[in-house]
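**Student:** Take the sequences, apply the hints, and build the full model.
So the sequences go chain by chain: A and B.
Residue numbers for the first sequence follow the working numbering, beginning at 1 and rising by one.
Residue numbers for the second sequence follow the working numbering, beginning at 1 and rising by one.
Among the hints, a few may not be true.
[Claimed, not checked] Distance condition first, Cα-Cα at most 25 Å in a straight line; then the derived DSS-like pairs of lysine-lysine: (1) K233/A - K187/B; (2) K187/B - K89/A; (3) K68/B - K233/A.
None of these hints come from the bench; they were simulated from the model.
From a predicted model like this one, the values you see are computed outputs, not experimental measurements.
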Amino acid sequence: MAIIEQHREEVAIQGGDLPQILLPTNCPGCGIGLAGDELRANNYVCVNCGHHFRLGADVWIPLIADPDSWQERWTDVRSHDLLNWIVPKRYQETVETLLEEGLNESVRTGTCTLAGVPIWLAAFDFGFVGGTLSIVAGERLARGMEQAALTGVPYVLVSASGGARMQEGVLALMQLAKVNAAVGKLHAAGVPYFSILTDPTFGGTAASLALLGDINIAEPGAAIGFTGPRVIKQATYADLPPGFQSAEFQLAHGQVDMVVPRNELRPLLAHLLELYP
Amino acid sequence: MSVWEIVELARHQDRPYSLDYIRRLAPDFIELHGDRLSADDPALVGGIGTWHDRTTLFLGHQKGRSLKERVARNWGMMHPEGYRKALRLAHHAARFGFPIVSLIDTPGAYPGAGAEERGIAAAIATAIMEWFEIPVPIVAAVIGEGGSGGALGMGVADRVIMLENSIYSVASPEAAASIVWRDNSRKVEAAEQLQLTSREIIAMGVVEEVVAEPQGSASADYDAAAGTLDEALWRHMQPLLEQTPSQLLQHRYDRFRYIDSLIQAEPHFGPKID
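**Tutor:** As structure tokens, then:
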């Protein structure tokens, strides 16, 4: 029997220890009034309907990493306004405001352990310009993957992203190539790469590293796709069916290996780390 | 010329399209079809021909001129099957040691429900990743529109060049306006901020060369435009033919890994290496 079966309780997420997040008063899934502590204890999954609330990197990191194991890397790599982007808002101002609010770019990365196994972890932060893939994000991702490939340490990604960052122009687009080449390094080294797709994962992030995992794991109800539904409707005038681009839709269309509720995610990852020693 | 005038020129229906160039570069060109899985994507042409005395694989986004042709070519917007066809042919070229020329001219991958259902995101992702493993020389040229991941899916190469009046962008101006303003009518403002003209793209270090177009743009003289493109492509291809596969792949990796190094080198710009 896999070791994980004996230790399922130990590796389960300790929701009560997670940071608090800003919540609406009612669940967007079922409308029930939300009790913050109860929701947090359930890993920010609605106890009534199972709606998975979006989480920032500050929550994803303690959710995946063993306590006190997280060592963040390259936090001082910074974005700059390369294109003199001024409308509707100065890009430099956007970035500086978010940094002051305590967010550090759209991707944070580092090493930690999961059920005692060393891993590389990268988490997108949707709160930072929509989790858009930027030069800093690409640089942090590529460096982490290169390190993981060199040292044989499994790589875990949590994505939540609108795609490439418009305000960094074609250099943001080039990050798709940069990170995909680095995924190729993981593949060549035989290092397992587990990609967790959360709500929402679109555009250049879906069309690069997020769907290239050795195993792609989606959260229930997460919207995942290339072109967003608003742009599809503008471009084709098509009516999109309910559930279009949901995690379950992507499972049915062969794009992800499984749809896994958040409460089962950590035991699953621990099990996978056993299966890919 | 304003930025928007360049965008319109890059998209102009009188502009030479991929087949106009390919047939001039390799008059014996033979088109090959299909992804060997389910379909043939007419928005991407591929095939072989003799170019500078050597069998070469040509790939290119193909647009149409008449309404009927445009519909048939889907405005040069590829479906997942197109990226799978491109990779199928790239592996074919690798098997026989043929160099690859890729011509880029697309507003982007097709933004429709069918493309989503058949995995357009994963098709582009896989293409971008696998181009790094194709052990033959690849030179890409943006000949019109280089739009978004749909273009980059055909644009991972050892050298990338751009025609003078072409554009290369993270998203089409319309899509960028839709994303930033939620209003695609603000496309002109978006185009001005995106820095998508050839002069701006080469300044960012994303392409190796901007190829001059004939007086009055490439539309004015297809033969002259094809002649200068041929000369530039060959000038970039020649030194690549001398490299071993492992040298090629290492340089291709480094080209994209450090593509933002121009801004990294500038102390006030970009990521700082620690």
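**Student:** When the structure is checked against the list of hints, which entries are broken? Sort them ascending.
**Tutor:** Those not satisfied: there are none.
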